[in-house]
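Engineer: Letter by letter, the chains look like this.
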Amino acid sequence: MATEAKGEETGGLVFHPLDQFIVKPLFGDGPIHWYTPTNVTLWMFLAVLAVILVFVVGSRGRAVIPSRMQSVGELIYGFTYKMVEDVAGKDAVKFFPYIITLFIFILFSNFLGLLPMSFATTSHIAVTAVLAAAVFLTVTIVGFVKNGTAFLGLFWVSSAPMALRPILAVIELISYFVRPVSHSIRLGGNIMAGHAVIKVFAGFAAIAAISPVSVLAISAIYGLEVLVAGIQAYVFTILTCVYLKDALHPSH
Amino acid sequence: MAGESTTVEHAADAGAHGAEASGAGMPQLDFSTFPNQIFWLVVTLVVIYFVLSRIALPRISAVLAERAGTITNDIAAAEELKLKAQEAEAAYNQALADARSEANRIVAEAKAEIQSELDAEMQKADAEIAAKTAESEKAIAEIRENAVKSVTDVAKDTAKEIVAALGGKADAKTVTAAVKAQMKG
Amino acid sequence: MEGDIAQLGQFIGAGLAAIGSGAAAIGVGHVAGNFLAGALRNPSAAASQTATLFIGIAFAEALGIFSFLVALLLMFAV
Chain A
250 MATEAKGEET
260 GGLVFHPLDQ
270 FIVKPLFGDG
280 PIHWYTPTNV
290 TLWMFLAVLA
300 VILVFVVGSR
310 GRAVIPSRMQ
320 SVGELIYGFT
330 YKMVEDVAGK
340 DAVKFFPYII
350 TLFIFILFSN
360 FLGLLPMSFA
370 TTSHIAVTAV
380 LAAAVFLTVT
390 IVGFVKNGTA
400 FLGLFWVSSA
410 PMALRPILAV
420 IELISYFVRP
430 VSHSIRLGGN
440 IMAGHAVIKV
450 FAGFAAIAAI
460 SPVSVLAISA
470 IYGLEVLVAG
480 IQAYVFTILT
490 CVYLKDALHP
500 SH
Chain B
24 MAGESTTVEH
34 AADAGAHGAE
44 ASGAGMPQLD
54 FSTFPNQIFW
64 LVVTLVVIYF
74 VLSRIALPRI
84 SAVLAERAGT
94 ITNDIAAAEE
104 LKLKAQEAEA
114 AYNQALADAR
124 SEANRIVAEA
134 KAEIQSELDA
144 EMQKADAEIA
154 AKTAESEKAI
164 AEIRENAVKS
174 VTDVAKDTAK
184 EIVAALGGKA
194 DAKTVTAAVK
204 AQMKG
Chain C
227 MEGDIAQLGQ
237 FIGAGLAAIG
247 SGAAAIGVGH
257 VAGNFLAGAL
267 RNPSAAASQT
277 ATLFIGIAFA
287 EALGIFSFLV
297 ALLLMFAV
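Protein chains in written order, with our numbering: chain A, 250 to 501; chain B, 24 to 208; chain C, 227 to 304.
The set of hints was computed from the structure by calculation and includes no laboratory data. One or more of the hints may lead you astray.
Taking CB as the label site, the calculated pair distances span [unchecked claim]:
| hint | chain 1 | residue 1 | chain 2 | residue 2 | range |
| --- | --- | --- | --- | --- | --- |
| 1 | B | Glu-103 | A | Trp-405 | 52 to 62 Å |
| 2 | A | Gly-472 | B | Pro-81 | 50 to 60 Å |
| 3 | A | Trp-405 | C | Ala-232 | 40 to 50 Å |
| 4 | C | Arg-267 | A | Gly-310 | 25 to 35 Å |
| 5 | B | Val-69 | A | Ser-424 | 25 to 35 Å |
| 6 | B | Glu-103 | C | Ser-274 | 31 to 41 Å |
| 7 | A | Pro-280 | C | Ser-274 | 26 to 36 Å |
| 8 | A | Ala-454 | C | Ser-274 | 12 to 22 Å |
| 9 | B | Tyr-115 | A | Gly-310 | 25 to 35 Å |
| 10 | B | Glu-103 | A | Ser-407 | 36 to 46 Å |
Negatives, chain C to chain B, calculated, CB over 10 Å [what the hints assert, rightly or not]:
| hint | residue |
| --- | --- |
| 11 | Gln-233 |
| 12 | Ala-249 |
| 13 | Leu-262 |
| 14 | Pro-269 |
| 15 | Ser-270 |
| 16 | Phe-292 |
| 17 | Ala-303 |
One side of the interface only, derived from the structure: several residues of chain C facing chain B at Cβ under 10 Å [what the hints assert, rightly or not]:
| hint | residue |
| --- | --- |
| 18 | Leu-234 |
| 19 | Phe-237 |
| 20 | Leu-298 |
| 21 | Met-301 |
Source: prediction; values computed, not measured. By construction, the Cβ of each residue, glycine as well, lies at the ideal position given by its N, Cα and C atoms.
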């Protein structure tokens, strides 16, 4: 393995596009236990701090005419509320705090991850898989609690011809269980891909002849990544809403 | 994943040499860090959930409701004010129309008064003028008469004198007849 | 040139897997282009379908990310 890694460094270029994702302990070099404060801890703590700053400190005035910070909070609140209501239905509103927690955590982590020298917590499969698994479990449990066995009607497409229904049921079942996989890898992969691409272009900046191009490309991709950070948070949340709608109203 | 064992080893010295060690695999697949990440993620999510659901969301929804209430009230107040403004405008228009008709009436009155005064003055003036004209005509007639008489007298005298100067004897009757004949002609 | 045949296969495989990213780009372009074509025909209905647009783009892009992931796995993890 080490030789393969060295193989990339031929030609004077040093690419370590994935080094930015290494989980390191904050203090010392000890082994990483489950409780060790790591850079994951730091950046998640910063995300919590940002959330508190925007949503608690920003809205402490309770002003009818909002300050800037308060209107940001209200904007996110209204946006998410409308999304839950429109996509998942009126009776999904009681899941709104749960969904906005996911949305805000992903949004703030994505944007914090875009800071130079930062650590993108949402680029890790471990993190996104837990988020997606939480959504998957919630949706499945809510589906069975709300609808009982009628929830299985989600897989039995009653509008299809009888002969096709078992085949469709298998396909629906597979697609149902692929959901958390694609849900988590979409988010983690997008963030990881963007950061890795920026790192690769940063590696090219070492060559003087193409460094201006490289810097321009980094700027352009950074702009794209800002867009992706917002869109992936939005997509994760809206897919959660779509899955929740399936759980609450399983009939196609 | 063959890299797992090596990365677990490297995790021990993942400090200054962490960069070198990571070349061996994707940090995302370094399962030794998973419990750590998952633990801190769960802590973070729980904290964010409680911050949001206990403090931020009730506060924001209260503020939004209050704002919606304020806006509704303001709209109602604005509606009321608009109604009042419309009323005021109607009253103003009414007053304007009244004032205009009043003004028209006054103007008409004044005009009629002036007209009647004017007529009276005109009549008086006409009468005066007529009287003066009659007087003047009389005076003119008198003057004319006097003038004719004077001319006749002068003519008679002159004729007599001329006849006398020519050595004749003027008969008053003849002279008068001649002068009369001349005056007519 | 040093290295063994396994590494050769690994790198070739990674390069082939990266083609999938381009395919996903085609897919995302298709989704967005068709949305735009529909939106221009019926602009009043476009606003209500932006959520569907993003879901479609997300599904198309997820598959590209999968291929990118395969490339990364071949490069760094296998």
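Engineer: All hints, please: hold or fail.
Structural biologist: Evaluation of the provided hints:
{"no.": "1", "hint": "B:Glu-103 - A:Trp-405: 52 to 62 Å", "result": "holds, 59 Å"}
{"no.": "2", "hint": "A:Gly-472 - B:Pro-81: 50 to 60 Å", "result": "violated, 37 Å"}
{"no.": "3", "hint": "A:Trp-405 - C:Ala-232: 40 to 50 Å", "result": "holds, 47 Å"}
{"no.": "4", "hint": "C:Arg-267 - A:Gly-310: 25 to 35 Å", "result": "violated, 46 Å"}
{"no.": "5", "hint": "B:Val-69 - A:Ser-424: 25 to 35 Å", "result": "holds, 31 Å"}
{"no.": "6", "hint": "B:Glu-103 - C:Ser-274: 31 to 41 Å", "result": "holds, 36 Å"}
{"no.": "7", "hint": "A:Pro-280 - C:Ser-274: 26 to 36 Å", "result": "violated, 53 Å"}
{"no.": "8", "hint": "A:Ala-454 - C:Ser-274: 12 to 22 Å", "result": "violated, 44 Å"}
{"no.": "9", "hint": "B:Tyr-115 - A:Gly-310: 25 to 35 Å", "result": "violated, 43 Å"}
{"no.": "10", "hint": "B:Glu-103 - A:Ser-407: 36 to 46 Å", "result": "violated, 56 Å"}
{"no.": "11", "hint": "Gln-233", "result": "holds, 14 Å"}
{"no.": "12", "hint": "Ala-249", "result": "holds, 23 Å"}
{"no.": "13", "hint": "Leu-262", "result": "holds, 34 Å"}
{"no.": "14", "hint": "Pro-269", "result": "holds, 29 Å"}
{"no.": "15", "hint": "Ser-270", "result": "holds, 26 Å"}
{"no.": "16", "hint": "Phe-292", "result": "holds, 14 Å"}
{"no.": "17", "hint": "Ala-303", "result": "violated, 5 Å"}
{"no.": "18", "hint": "Leu-234", "result": "violated, 18 Å"}
{"no.": "19", "hint": "Phe-237", "result": "violated, 15 Å"}
{"no.": "20", "hint": "Leu-298", "result": "holds, 6 Å"}
{"no.": "21", "hint": "Met-301", "result": "holds, 9 Å"}
Of the numbered hints given earlier, the model fails hints 2, 4, 7, 8, 9, 10, 17, 18 and 19; all others are met.
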